[in-house]
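Novice: Letter by letter, the chains look like this.
Protein chains: 2
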Amino acid sequence: MNGLRVGIAGSTGAVGIEMLRLLEETAFPVSELSLFASERSTGMTQLYKGRPITIKPLSENSFRGLDLLLNATSAELAEQFLPIAREEGVRVIDNSSAFRMRPEVPLIVPEVNPDRIDSTSRLIANPNCSTIQMCVALAPFDQAFGIRRIIVSTYQAASGAGKEAMEELIGQTKAYANGSPLKAEKFPYPLLFNLIPHIDRFEENGYTREEMKMVNETRKIFEKPEWKISATAVRVPVIRAHSEAITLELEKNYDPNTIITFLGRAPGIVVRDDPEHNGYPMPADVAHRKEVFVGRIRKDLAFDNGVSFWVVADQLLKGAAWNAIQIAQILNERVWGIRA
Amino acid sequence: MNGLRVGIAGSTGAVGIEMLRLLEETAFPVSELSLFASERSTGMTQLYKGRPITIKPLSENSFRGLDLLLNATSAELAEQFLPIAREEGVRVIDNSSAFRMRPEVPLIVPEVNPDRIDSTSRLIANPNCSTIQMCVALAPFDQAFGIRRIIVSTYQAASGAGKEAMEELIGQTKAYANGSPLKAEKFPYPLLFNLIPHIDRFEENGYTREEMKMVNETRKIFEKPEWKISATAVRVPVIRAHSEAITLELEKNYDPNTIITFLGRAPGIVVRDDPEHNGYPMPADVAHRKEVFVGRIRKDLAFDNGVSFWVVADQLLKGAAWNAIQIAQILNERVWGIRA
Chain A
6 MNGLRVGIAG
16 STGAVGIEML
26 RLLEETAFPV
36 SELSLFASER
46 STGMTQLYKG
56 RPITIKPLSE
66 NSFRGLDLLL
76 NATSAELAEQ
86 FLPIAREEGV
96 RVIDNSSAFR
106 MRPEVPLIVP
116 EVNPDRIDST
126 SRLIANPNCS
136 TIQMCVALAP
146 FDQAFGIRRI
156 IVSTYQAASG
166 AGKEAMEELI
176 GQTKAYANGS
186 PLKAEKFPYP
196 LLFNLIPHID
206 RFEENGYTRE
216 EMKMVNETRK
226 IFEKPEWKIS
236 ATAVRVPVIR
246 AHSEAITLEL
256 EKNYDPNTII
266 TFLGRAPGIV
276 VRDDPEHNGY
286 PMPADVAHRK
296 EVFVGRIRKD
306 LAFDNGVSFW
316 VVADQLLKGA
326 AWNAIQIAQI
336 LNERVWGIRA
Chain B
6 MNGLRVGIAG
16 STGAVGIEML
26 RLLEETAFPV
36 SELSLFASER
46 STGMTQLYKG
56 RPITIKPLSE
66 NSFRGLDLLL
76 NATSAELAEQ
86 FLPIAREEGV
96 RVIDNSSAFR
106 MRPEVPLIVP
116 EVNPDRIDST
126 SRLIANPNCS
136 TIQMCVALAP
146 FDQAFGIRRI
156 IVSTYQAASG
166 AGKEAMEELI
176 GQTKAYANGS
186 PLKAEKFPYP
196 LLFNLIPHID
206 RFEENGYTRE
216 EMKMVNETRK
226 IFEKPEWKIS
236 ATAVRVPVIR
246 AHSEAITLEL
256 EKNYDPNTII
266 TFLGRAPGIV
276 VRDDPEHNGY
286 PMPADVAHRK
296 EVFVGRIRKD
306 LAFDNGVSFW
316 VVADQLLKGA
326 AWNAIQIAQI
336 LNERVWGIRA
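Going down the list, the sequences are from chains A and B. Every number in our numbering is 5 more than the matching position in the first sequence, counting from 1. Every number in our numbering is 5 more than the matching position in the second sequence, counting from 1.
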């Protein structure tokens, strides 16, 4: 075996495109690549290492002979097709929300709980994008000081709603410049110069599903059902990096003088915290980067043992495709052991 | 006396323009109106009730004969000129930050502490824009349940940095549509499709002055120095309404079933909270409105007695000019008693 037979379902979407690109960029050991998308894209091609690969429609017969499927479809399609892929013996890394909260499904952020992946893992879930970047930033605090309470406000980019949503925001920008009315189809209201405090549908408790994903997935990833978490998720007119203002109440106190060095050593984190020179993470700089950027780190004024900080990450990369590829790398090490 | 001799300093700025318009709209009893701005605008005119009024340069001799000065200059100019206005016996309502924290200066949000205005008030400070809208929303919770802790993340519009900052954002939008580079002068970085977690200068404790204004001014307005408050202030690509995600820990528990009705009765608040029909406050709807809009009201999940909500207000109106005009109306009632 000199490579894996890999499939990407939803390969023409914003996340699928990044998965394809990252397989190339990381020289993932692919012997054969299959691309699946909706009927609309059937027969079209996408380039992989310079060669055109014909896109096939996703169907019940898509999975035979694959070793690994990276799934970037909707949760609805994931529910329909992934059980079939598993029946066929394919290992699946699923970016959708369909199976994340099932007790038997590992929900993985490689910087936090990589050991939950082992050779028996058949289906691994990639967490919600806002959750992933928050968890990377929480991990060092959890390990060193213990976390009691998390309050987070998000500033989420259009990319979280897909490629057409990004195009809608850009289209609104051009319409504004031309004096034309702003059209909204992917979002309930125009996003340009606006904020929409509503991502995914509302639950009975007044929170959105996006907010509850941040609560429930974070608890599952850290195996801390007792954590008190509250989230406000807001869509902002940014193209592809999510930002979060996070306040933690910690179990133990920490030394504010060493916290920046401490965070800088944590896996997957780049600290950008230099107020004197206007240094802090911003979506415009973090787009297209794989790391989670942390800044504005300061002793929180509302808690005795508290810290507040600002976290930015590319939603399509660390929030989706890159986290999935990291999982694929670990899975390869533990299951197939194929070198690139 | 059938009217007041009123001056506006900084009348050509974003806030000054709204002050002028609101004097008209509210039929404030003005017998004579003087407009002051920088040398640049000298000799130009602004319309008041259809009549052009010539703009004069702000100088030490500007104040003689005025009853009331609405100040919309920078803090630096306020420090230079307002003591002279007071010497001349002029009552001053100052929108700048120059005198807000002086113990002898009332810092007023009319929905919260109108009784701090009396006939002896010579200089009254208008609070910081983000602080005002938060305080209007806090007031009913403070009165009914008591507040222990406040955690707030802001989403602040370009208008907070003035008229040229609003124009800069619009200019970037047009440049983007034309494929030209984005210019940034009023903000440290381009704001279009970006977020800048930096408003006003940084303090030694890692917070910005904007964030510390929200802490210190809120405590002063409510006379609650013991309140635990932490803020993260972020500039977002929105033109003129500020938004805030607020989480409160309360002293007493409340009935979540009646909280919407309860908030809807509070002065200055419009509740827009209808998740089923995508009803929540957004900057695009709240711009040019005088009230503070509250939505996404829900039992907070991080505190036993907690509430989270989303607050949007027009930064130039309730966050600045309208709050100042409300103060002027109360001052008129208590000092001069002139009917419109």
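Worth flagging that the hints you see were computed from the coordinates, not collected in a lab. Heads up, a few of these hints could be off.
Since the list gives no way to pick one copy over another, a pair counts as held whenever it fits inside one copy or between any two copies.
Straight-line alpha carbon distances no greater than 20 Å define the calculated SDA-like cross-link-like pairs of lysine to any residue that follow [unchecked claim]: (1) LYS188 <-> PRO108; (2) LYS61 <-> THR125; (3) LYS229 <-> SER79; (4) LYS304 <-> GLY55; (5) LYS233 <-> PHE308; (6) LYS61 <-> ARG10; (7) LYS304 <-> GLU208; (8) LYS188 <-> THR17.
Novice: Report the numbers of all earlier hints that the structure fails to satisfy, in ascending order.
Specialist: 1, 2, 3, 4, 8
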